[in-house]
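*Asks:* Sequence:
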Amino acid sequence: LGSARAHHGYPFANARARRIIDPQRSAVRAGLQSPAVKALFNGFFRQLVTDEVTVSMIRERLAQPDAERGFALDGFPRNLAQAEALDEMLGGIGRGLDAILFFDVPDSVGMVRAHKRAEIEGRSDDTPEAMRVRLEVQKPPAELLDHDRNAGKLKDVDGLPEVPVVTAAIVAALGVGGTK
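Heads up: take any position in the sequence shown, counting from 1, add 92, and you land on our numbering.
Bear in mind the hints are in silico, worked out from the structure with no lab data behind them. The C-beta atom is built at its ideal place from N, Cα and C for all residues, glycine as well. Heads up, some of the hints might be wrong.
[Unchecked claim] So the derived label-pair ranges between C-beta atoms look like this:
no.	residue 1	residue 2	range
1	P198	T219	28 to 38 angstroms
2	E144	V201	26 to 36 angstroms
3	S148	V257	35 to 45 angstroms
4	L252	R224	18 to 28 angstroms
5	Q156	D190	14 to 24 angstroms
Can you make the complete structure from the sequences, with help from the hints?
*Replies:* Below you can see the structure in the form of structure tokens.
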């Protein structure tokens with residue numbers, strides 16, 4: 093989470109290299125060892141932690157000083173109910189979303205990329221079946237995309253090209269450039 097500097101000098105968060113709101117991982121890094129957080133690492137997170145708890149964790153995280161200039165959410169919301177809860181919470185604290193990026197990548201490409209990541213990271217738990225399930229779970233439902241599009245926030249990004257091309261598409265979608 094926060095305003096990490098990226099190659100164009102604008103605030104940008106990247107899931108691997110920079111701070112980002114991944115609420116559960118952030119809680120673990122902060123030393124919060126609740127049963128819900130522990131469940132994440134036991135593979136049961138989506139079944140055990142309610143949307144209310146996740147939104148509450150995001151609210152707490154946004155109250156921290158490094159989130160004042162901006163933030164990115166990775167993997168949340170995943171459905172319309174979560175999006176509505178997030179909208180309500182952000183409205184209640186006087187914050188909002190500038191953009192919602194949708195990376196359009198065919199499943200076949202996602203599978204190849206997930207397999208490469210598993211090899212690089214030495215993840216023995218990333219079996220082809222586990223990767224297929226993860227890709228299916230991560231697909232946003234049409235009603236969520238409609239909600240985001242109707243709010244004027246959804247920005248489609250072609251996720252097929254190489255990283256520098258996708259980065260340029262992100263910069264264009266966010267309407268940022270130069271230095272801040």
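*Asks:* Confirm or reject each hint.
*Replies:* Comparing the hints with the structure gives:
Against the hinted window of 28 to 38 angstroms, the Cβ-Cβ separation of P198 and T219 comes to about 20 angstroms, which falls outside the hint. Range check, E144 to V201: Cβ separation about 35 angstroms, and the 26 to 36 angstroms hint holds. The supplied range of 35 to 45 angstroms is met by S148 and V257, whose beta-carbon atoms lie about 38 angstroms from each other. Between L252 and R224 the beta carbon distance is about 19 angstroms. The supplied range of 18 to 28 angstroms therefore holds.
One distance hint, 14 to 24 angstroms for the beta-carbon pair Q156 and D190, holds here, with the actual separation near 19 angstroms.
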